[in-house]
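Numbering-wise (this note's numbering), the sequence shown opens with residue 1 and increments by one.
It should be emphasised that the hints constitute simulated quantities derived from the structure, not laboratory data.
Values in this document were obtained by computation on a predicted structure and should not be read as measured data.
Be aware that one or more of the hints could be misleading.
[As the list claims (entries may be wrong)] Okay, the calculated beta carbon distance ranges per label pair:
1. 93 to 152: 25 to 35 Å
2. 87 to 136: 12 to 22 Å
3. 166 to 53: 38 to 48 Å
[Unchecked claim] Below 30 Å or equal to it, Euclidean Cα-Cα: the simulated DSS-like pairs (lysine-lysine) are:
4. 137 to 54
5. 150 to 103
6. 21 to 137
7. 110 to 21
8. 150 to 137
9. 103 to 54
10. 103 to 137
11. 137 to 22
12. 21 to 150
13. 110 to 22
14. 150 to 54
15. 54 to 22
16. 137 to 110
17. 54 to 110
Ideal placement from N, C-alpha and C gives every residue a C-beta, glycine not left out.
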Amino acid sequence: MEDLSLHILDIAENSINAGAKKIVIRIVEDLEGDVYSISVEDDGAGIGAEILRKVEDPFFTSSPKKRFGLGIPLLKQAALECDGQFHIDSSPGEGTTLFASFKRSHIDRKPLGDLGSTMLALICGHPEIRYVLFYEKGDFRYGFDTDALKESLGDVPVNLPQVLVPVRDSINESTGGRALSLRKTDG
Numbered sequence: 001m002e003d004l005s006l007h008i009l010d011i012a013e014n015s016i017n018a019g020a021k022k023i024v025i026r027i028v029e030d031l032e033g034d035v036y037s038i039s040v041e042d043d044g045a046g047i048g049a050e051i052l053r054k055v056e057d058p059f060f061t062s063s064p065k066k067r068f069g070l071g072i073p074l075l076k077q078a079a080l081e082c083d084g085q086f087h088i089d090s091s092p093g094e095g096t097t098l099f100a101s102f103k104r105s106h107i108d109r110k111p112l113g114d115l116g117s118t119m120l121a122l123i124c125g126h127p128e129i130r131y132v133l134f135y136e137k138g139d140f141r142y143g144f145d146t147d148a149l150k151e152s153l154g155d156v157p158v159n160l161p162q163v164l165v166p167v168r169d170s171i172n173e174s175t176g177g178r179a180l181s182l183r184k185t186d187g
């Protein structure tokens, strides 16, 4: 995965598969401490101790549809290669929290990428789930909550393109993410 937003998408999809109804994503850029951290917390089914010991193994997956479970091991590797930390806390019936940190200035730290499109994909695919996003960089704070968006929209579905494109753009503008540019080329 070439950027952190794709890791966030993968982890959030794990949360969805675990039956989460609420997913909280926190991204903190600690400028003074030179730390870039991501956490994804859900209220899904949680993971038992035996499986929790295995989820960091790329040759283990709990999904009957996949042969490998590369998402978590790749994120762990990315964090550790950038002088960071990685851990998962989970208990059956109590949800899961995944935490990864990176040395912010490390030359190999992946960029955040297109976080707006990650959130767009999550909301579009599973509009019934509550997504909460917090982003912090120095003194700047940004928050997004699909429950607040749904309340302001009234009867308008949250997963309409007319709703999600401005949401994507706002998230990217606020978090320094990048949207993919689709330009028509000659020929």
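_residue 137 paired with residue 110 [C-alpha distance capped at 30 Å]_ = holds, 16 Å
_30 Å limit on alpha-carbon distance, applied to hinted pair residue 150 and residue 54_ = violated, 38 Å
*Is it true that the CA of residue 54 sits at most 30 Å from the CA of residue 110?*
holds, 25 Å
*Compare the distance between the alpha carbons of residue 150 and residue 137 with 30 Å, and conclude whether the hinted pair is satisfied.*
Cα-Cα ~27 Å, so holds.
_Need the status of pair residue 110, residue 21: alpha-carbon distance at most 30 Å?_
holds, 29 Å
_Please check whether residue 166 and residue 53 have a Cβ separation lying inside 38 to 48 Å._
At roughly 43 Å between Cβ atoms, residue 53 and residue 166 fall inside 38 to 48 Å, so the hint holds.
*Keeping to a limit of 30 Å between CA atoms, is the pair of residue 103 and residue 54 held or broken?*
holds, 26 Å
*asked:* Given a hint of 25 to 35 Å, does the C-beta separation of residue 93 and residue 152 actually sit inside it?
replied: At 33 Å between Cβs, range holds.
*Taken at face value, is the distance from the CA of residue 103 to the CA of residue 150 at most 30 Å?*
violated, 36 Å
*Are residue 110 and residue 22 close enough, with their CA atoms no more than 30 Å apart?*
holds, 26 Å
*For the pair supplied as a hint, residue 21 and residue 137, confirm whether the alpha-carbon distance does not exceed 30 Å.*
Distance of about 27 Å is within 30 Å: holds.
*Given the hinted pair residue 137 and residue 22, is their alpha-carbon gap at most 30 Å?*
holds, 24 Å
When held up to the earlier numbered hints, the structure conflicts with 4, 5, 14 and fits the remainder.
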